Amino acid sequence: MKIDVSAGRLLLRAVSLGVCLIAWHFASTLRLDLGVVSFRNVPAPFEVANAAMDLLHSSKLMADIGASLSRVFGGFVAAAAIGIGLGLAIGRSRRAKDVLLPPLEVLRPVPAVAWIPLAVLMFPSSELSMIFVTFTGALFPILLNTIHGVESVDPRLVASGRSLGGGSRAILWEVVLPGAAPSIVTGLAIGMGTSWFCLISAEMISGQFGIGYYTWESYTLQNYADIVVGMLLIGLLGMGSSLLLRRVGEGLMPWRRIAGVVR
Amino acid sequence: MIAVYDARSASAGRIDIEHLSVALGSGDQAFEAVQDISFSVAPGEFVCLLGPSGCGKSTLLGALAGHIAATRGRFAVDGKPVAGPGPDRGIVFQHHTLFPWKRVVDNVAFGPKMRGVGKAARRAQAREMLELVGLQGFADHYPAQLSGGMQQRVEIARVLINRPRLLLMDEPFGALDAQTRRMMQELLLDIWSRVRTTVVFITHDIDEALFLADHILVMSPRPGRIIENIRVPFARPRHADLVVEAGFVRLKHHCLNLLRIGAHPDSLPRLSPLGLAQSLA
Chain A
1 MKIDVSAGRL
11 LLRAVSLGVC
21 LIAWHFASTL
31 RLDLGVVSFR
41 NVPAPFEVAN
51 AAMDLLHSSK
61 LMADIGASLS
71 RVFGGFVAAA
81 AIGIGLGLAI
91 GRSRRAKDVL
101 LPPLEVLRPV
111 PAVAWIPLAV
121 LMFPSSELSM
131 IFVTFTGALF
141 PILLNTIHGV
151 ESVDPRLVAS
161 GRSLGGGSRA
171 ILWEVVLPGA
181 APSIVTGLAI
191 GMGTSWFCLI
201 SAEMISGQFG
211 IGYYTWESYT
221 LQNYADIVVG
231 MLLIGLLGMG
241 SSLLLRRVGE
251 GLMPWRRIAG
261 VVR
Chain B
1 MIAVYDARSA
11 SAGRIDIEHL
21 SVALGSGDQA
31 FEAVQDISFS
41 VAPGEFVCLL
51 GPSGCGKSTL
61 LGALAGHIAA
71 TRGRFAVDGK
81 PVAGPGPDRG
91 IVFQHHTLFP
101 WKRVVDNVAF
111 GPKMRGVGKA
121 ARRAQAREML
131 ELVGLQGFAD
141 HYPAQLSGGM
151 QQRVEIARVL
161 INRPRLLLMD
171 EPFGALDAQT
181 RRMMQELLLD
191 IWSRVRTTVV
201 FITHDIDEAL
211 FLADHILVMS
221 PRPGRIIENI
231 RVPFARPRHA
241 DLVVEAGFVR
251 LKHHCLNLLR
261 IGAHPDSLPR
271 LSPLGLAQSL
281 A
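Protein sequence lines, in the order shown, are assigned to chains A and B.
Mind the numbering: the first sequence is residues 1 to 263 in this note's numbering, read in order.
Mind the numbering: the second sequence is residues 1 to 281 in this note's numbering, read in order.
Treat the hints with caution; some may be incorrect.
[Unchecked claim] In the DMTMM-like style, the derived pairs of lysine to aspartate or glutamate whose C-alpha atoms are separated by at most 25 angstroms in a straight line are:
1) B/102 to A/250
2) B/102 to A/54
3) B/252 to B/214
4) B/102 to B/88
5) B/102 to B/78
6) B/252 to B/186
7) B/113 to A/154
8) B/102 to A/98
Keep in mind that the hints were calculated from the coordinates and are not lab data.
Values in this document were obtained by computation on a predicted structure and should not be read as measured data.
Work out the full structure, taking the sequences as your base and the hints as a guide.
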């Protein structure tokens, strides 16, 4: 994506953000109460900024972020390995599709968050149950996008590969996998988003440490400014990991960046 | 420049086809695309299959490549029956099938890679082939960065690097503009004069067939049958002026008359050398 915006439009965007901040500031400091929604307990922007500074200087921050990152990493990597593996098999083989897809289709409509109670019962540690929920959240977007990517590989490319002497393993590695790669990366990016979402929910319910736990704990301890700090951190971490993933994807697919055609 | 190819055995590339039929589709949709075809091609010959759109010539080519199974009849290359696709029978499609994720040099080096040739050696071979098709400066480009004519030249290099017995071409220049097409026809003849292999070239363009071929096999509308085998007597090397000579025009008239026989008022949809979706191997 190319960002090419004139100074005027940038200014307009900055003003828009500023207006929102000011509205938040007055709504919270004036303890605005609209009946259906009340800002009485909402911390003001400067309180949030102070809380963020405090957190930044405490040792708690690294422990919480570290716990969340390692859970997301564990669940996501497992989902990527299993999702891409199953997706390749299902996309390539009718037999694998008939055997593997039905149970997955039954489980697919169940939101990963709905797994939390059962996951707590199934796994010996709450750590593993949270990783499992994160895994479940990421699995389906990765799996479905991989299947879609594999099935949309141009059959002429496969035929050409075979005519050039490629065996079935070579066709998978040299033709199908790179052909499906753009779709797989899309699945990974979506999966990264859903795995964060699932992790935060799991941490709020059964966690100790972790950024979701921190946010929920702030509520129970009535540190209202810290709630917003937690929310912002969650957004930041989710955005950062998706961005990282897209960058890695672009790095692995240099041919996708080509625009110009030589005549 | 390409001494590698002089050592090739002159006997490689003989085609024998006996009573070959190919049916496509299944159930009520089934139809015979190619019916009871018999012909032979001598090693190193350039044969054009000429026929109207949808007559089954691409299906026949797909059977030669091993992507479509024949329903009846026998088909052998150098005496050996064909079972499935293989690098001894290279196929070039109307639209290129280069791997978008591989640079030009690695696309061309794909065949040697499949044979287990090391990276440096196969790239050196690929560069040699690129020189043969006049694209030495484009080794590090991606296919999407090339024009249509250049993409087809890379495709030809990628197939010829395997030193195939047969070079199967399915209207390879059909999607190019007239100017580029003429240039590609001359280039192909030039390449073929240096890397001698049997060529089966599909076209519905009479001028193209007469310009390129030693023999033209004229096919009827579907179900495709061979209605005449025309020997093209023009001396080689051939040049663009050939198309206005009296002998050329005479043969062209003859071909035009043949193609009128049993011609459909509406042309049939084009078939693919990969058959229909169901018949994909």
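Exercise. Could you check the structure against the hints above and give me the numbers of any it violates, in ascending order?
Key: 2, 5, 8
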